[in-house]
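Enquirer: The listed protein sequences correspond, in order, to chains A and B. Going by my numbering, the first residue of the first sequence is number 1, and it counts up by one from there. Going by my numbering, the first residue of the second sequence is number 1, and it counts up by one from there.
A portion of the hints provided could be inaccurate.
[Claimed, not checked] Only some residues are given here: those of chain A computed to face chain B with a beta carbon under 7 Å:
no., residue
1, A16
2, G17
3, P23
4, L27
5, A89
6, V114
7, V147
8, F151
9, N233
10, Y236
11, I265
[To be verified] Stretches of chain B that chain A covers, calculated by requiring three or more beta carbons in the stretch to come under 8 Å of a beta carbon on chain A:
no., region
12, 146-157
13, 246-254
It should be emphasised that the hints constitute simulated quantities derived from the structure, not laboratory data. The model shown is predicted, which means the values in this text are computed figures rather than measured ones. Backbone N, C-alpha and C fix where the C-beta goes; we use that ideal spot for every residue, glycine too.
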Amino acid sequence: MSSTNRLPVHVLLILAGALSLFPLYWLFLTSLSPTQYVVRVPPEVVPRELTIGNYQRLFETTPIVRWLVNTVVIAGVITVFHLLFDSMAGYAFAKRRFPGKDVMFWLVVSTLTVPAQVTLIPVFFILRTLGLLDTYPGVILPGLADVFGVFLMKQFIQTLPTEYEHAARVDGASEWQVYRHIIVPLSRPALAVLAIFTFQRYWNAFIFPLVILRDPAKYPVQVGLATLQGEFNTDYGMLMTGAAIAALPLIAVFFAFQRYFIEGIRIGGVKG
Amino acid sequence: MTAALRRHGWSYVFVLPTFSLFVVFTLLPVAQGLVLALQDARVTGGSFIGLANFGTLADDPVFRQAIGNTVLYATVVVAAQVTLALVVASLIQPLGAKSRVFYRALFYLPLVNSAILVAMVWRWIFNPNPFGLANASLGAIGLGPFLWIGSSDQALLAVILSAVLTIPGGGVVLYSAAMGSLPRELYEAADLEGASPFAKWRHITVPLLRPTTLYLVVVYTILAFQVFERVYIMTNGGGPNNATITIVQLIYSTAFQFGRYGLASAMAVVLFLMAMVVAVAQFRSLRTDVEY
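Please model the complete structure; the sequences and the hints are all you need to start from.
Expert: Below is the structure:
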């Protein structure tokens, strides 16, 4: 195609991208607009005046910092454990032979199409029995049970050559050392994808923490922000500011590790 | 023998942390969910009542509304998402490698954020006041103002529009990757016969992408069946007269606001069956797929 035919295609794609990004732009713009402009008729798509007043108000009147810390802890702990456990299980399912392996793997596969909401009520009951309702472990433990990462790691580790493992065993390495010093380093690209996807997924989690946590001081930021919404009266300036703050970390992660996001979709499929 | 045992031992060490968590927090809950659906489970306890919950659901106009809204939402949104992803990926494909990388990232960026944040912005855009952006934009061409999320007729439309107006970046990336690996020979043969670019797209590209299309239809449909955050945030969990009530929204309120866990579990089973039907339909059509 010549570059002259390409121009309209670029224009079309940029417009589509702008439309897609517009809610994000509107979010940040509203967060930086003085209160009187937020409810202006007509709304101004290009700002005349910017202020950080909404940010000051948000930090003074809500536990947003606490919510952010909670989110970092919850998503961070879940991510670290997924990296460890999923690479271990992925390695065993990909490379090792042991009695029960096929049954275990079949059980894991069979739950893949089960919507998460099906387990919501029973998990709530189990956590109540264990006395873990309204606790951080109550939010973290069920987060460790999703098996997407096991698949991702199994698929990746399957493609690794077996010679290194054999060589290491011949040299007297223990099974743990084979995993730790051969499999883990070779799996770095898949682990990066897994880390980003898991962190994103639990940074954005909503319905489980909403159901499991009662104490607003323990809320992750998404759940906390939802409580700022009134049924009839919502301070949109402040709400959009909270949303902007919750959005920024993932946007930063996206720009830093963009190729892993794209790679993750190619390997793991669409996860929402 | 002992060496073999030692190696098996290690295998279980590797598998057990994940597998035991999976058993406790996924496998048992799935089984328990099925059992709860057959019970009159409430906050105070419950007893086995067979399929009575499903009878209750069949007669419940709110649940029927939730099914109708969910299916309507899924149908419109999935059709739009798959079409948009295919068209955008097709437009990106002939461009250079650098442009492709740029556009894939451009279309994926909006999806990094949670459904909650996105829904909050859309609630703000579709609010019924004249300063709502949707009303202001349509007002500029002489339409409205509309009540949007404040009206039982327009609330679901606002929720659907909010989902449709975002380019599905994941689908774009998958289509784009699939297009990169299509066999060149068919296109060369078509070129010899003087086929137009549109004819090649219509008769070669689209049919060859069928597996990706099927995959996306299934994944997007199952995700759309689970729509919750948009409704919860945009319309305070159901909208005026339950105009936007969806299955998951109703599961949430039935269980955690009204304490009717058995009835809510029966709804979850219905949702599960709907997802199963879609997944099985995909496997069947993949098996009868024509090989090119």
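Enquirer: A separate judgement is required for each hint: does it hold in the structure or not?
Expert: Against the structure, the hints:
no. : hint    : verdict
1   : A16     : 6 Å, holds
2   : G17     : 4 Å, holds
3   : P23     : 4 Å, holds
4   : L27     : 5 Å, holds
5   : A89     : 4 Å, holds
6   : V114    : 6 Å, holds
7   : V147    : 6 Å, holds
8   : F151    : 11 Å, violated
9   : N233    : 11 Å, violated
10  : Y236    : 5 Å, holds
11  : I265    : 5 Å, holds
12  : 146-157 : violated (count 0)
13  : 246-254 : holds (count 3)
Consistency with the previously given hints fails for numbers 8, 9 and 12, ordered from lowest to highest.
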